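What follows is each chain in one-letter form.
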Amino acid sequence: MATAGAARYPDHAELAKSARVLAPPTVTRASRPLTADIRANRVWLKAHRQDYAGQWIALRNGHLLAAAPSFDALVAHVDETHDVLMTKLPA
Amino acid sequence: MTLALSNGESFALGVTGYDYRPATSYETTPQLVLEVEIEGILAEAVVDTGGVYLFYHPQIGRRLSLTPTEALSGVQTIRFRGVLVHGRLYRLTLTFLADEGEDVTIQTTAFVPEPDEAEHWGDLPCLLGLYGCLERVRFAVDLRIERFYFGPAEEVS
Chain A
1 MATAGAARYP
11 DHAELAKSAR
21 VLAPPTVTRA
31 SRPLTADIRA
41 NRVWLKAHRQ
51 DYAGQWIALR
61 NGHLLAAAPS
71 FDALVAHVDE
81 THDVLMTKLP
91 A
Chain G
1 MTLALSNGES
11 FALGVTGYDY
21 RPATSYETTP
31 QLVLEVEIEG
41 ILAEAVVDTG
51 GVYLFYHPQI
61 GRRLSLTPTE
71 ALSGVQTIRF
81 RGVLVHGRLY
91 RLTLTFLADE
101 GEDVTIQTTA
111 FVPEPDEAEH
121 WGDLPCLLGL
131 YGCLERVRFA
141 VDLRIERFYF
151 GPAEEVS
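Heads up: the protein sequence lines correspond to chains A and G, in order. This note's numbering applies: residue 1 is where the first sequence begins, and numbers increase by one. This note's numbering applies: residue 1 is where the second sequence begins, and numbers increase by one.
Among the clues, some could well be false.
As the list claims (entries may be wrong) - Not the full set, but computed from the structure, chain G residues with beta-carbon under 10 Å of chain A:
| # | residue |
| --- | --- |
| 1 | G14 |
| 2 | T16 |
| 3 | T24 |
| 4 | R81 |
| 5 | L84 |
| 6 | I106 |
| 7 | R136 |
| 8 | V137 |
Said to hold, decoys possible - Pulled from the structure, derived: some chain G residues nowhere near chain A, Cβ distances all over 10 Å:
| # | residue |
| --- | --- |
| 9 | L3 |
| 10 | A4 |
| 11 | S25 |
| 12 | T67 |
| 13 | G82 |
| 14 | L134 |
| 15 | D142 |
Stated by the list, open to error - Which chain G residues face chain A? A few, computed with CB under 8 Å, are given here:
| # | residue |
| --- | --- |
| 16 | E9 |
| 17 | L13 |
| 18 | D19 |
| 19 | P22 |
| 20 | A43 |
| 21 | E44 |
| 22 | Q59 |
| 23 | L72 |
| 24 | L89 |
| 25 | L97 |
| 26 | D103 |
| 27 | T108 |
| 28 | T109 |
| 29 | D116 |
| 30 | A153 |
No lab work stands behind these hints, which were simulated from the structure alone. Only a predicted model underlies this, so the values are computations on that prediction, with no experimental measurement involved. We treat Cβ as the ideally placed atom computed from N, Cα and C, and that holds for glycine.
This is chain A alone, in the form it adopts within the complex (with noise of 0.2 Å):
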């Protein structure tokens, strides 16, 4: 409905932005490789999954960085969150 309108009005902004965000998904091959490895995360968590539940924690290429009780704490203990996995484990 909002492309249908999208296109009855093209010079609506609102209407375009309705179209735009409420389009059907596109999927594509992802540009650039990524250099995480969520492999090595995936193994750390399997293992202290429970040594650190009810906390956020932050992992990169499965070391972890730091825990903290909140994410705002968390953050303040990562100065560089690029290939860092953030996540709150289950208590």
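Got chain A sorted already, so can you dock chain G onto it with the hints?
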């Protein structure tokens, strides 16, 4: 590695492992939890075949520096797991990360809860809904070896 259809076409472009566990501490049914990249930020996400859109974590969402002008106008209210959640709808980039094969990028509709929803969000990761997010992704799961295969549902360049 990536499976093949009867015509020789690859079923998927990439494959990754996943964690098979309850998504939160108050649930008991295991779900598929993947590590994905959303707008350049690594996050854990649950494959939610009963859900809609990409649901982003409200606290991690603050790192995206999204502005309301990029969203559909106004705050939207969506009933989510029996609770009304306020947030905004954006177009975001989700990337499935491959252990083997190629990564796949999805431009998807995403619901980003308002920052003040964080206190109610708990330990729920991001969610990848079938409608509006995964609907154009071809995927398969091998539970025995915990592998998740993914690729575009249509041929892409």
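Do the hints match the structure? See the list:
no.	hint	result
1	G14	holds (9 Å)
2	T16	holds (7 Å)
3	T24	holds (6 Å)
4	R81	violated (15 Å)
5	L84	violated (20 Å)
6	I106	holds (5 Å)
7	R136	holds (5 Å)
8	V137	holds (6 Å)
9	L3	holds (17 Å)
10	A4	holds (18 Å)
11	S25	violated (4 Å)
12	T67	holds (12 Å)
13	G82	holds (19 Å)
14	L134	violated (8 Å)
15	D142	holds (15 Å)
16	E9	violated (15 Å)
17	L13	holds (6 Å)
18	D19	holds (6 Å)
19	P22	holds (7 Å)
20	A43	holds (7 Å)
21	E44	holds (5 Å)
22	Q59	holds (4 Å)
23	L72	holds (5 Å)
24	L89	holds (5 Å)
25	L97	holds (5 Å)
26	D103	holds (3 Å)
27	T108	holds (4 Å)
28	T109	holds (6 Å)
29	D116	violated (14 Å)
30	A153	holds (7 Å)
Checked against the numbered hints above, the structure breaks hints 4, 5, 11, 14, 16 and 29 and satisfies the rest.
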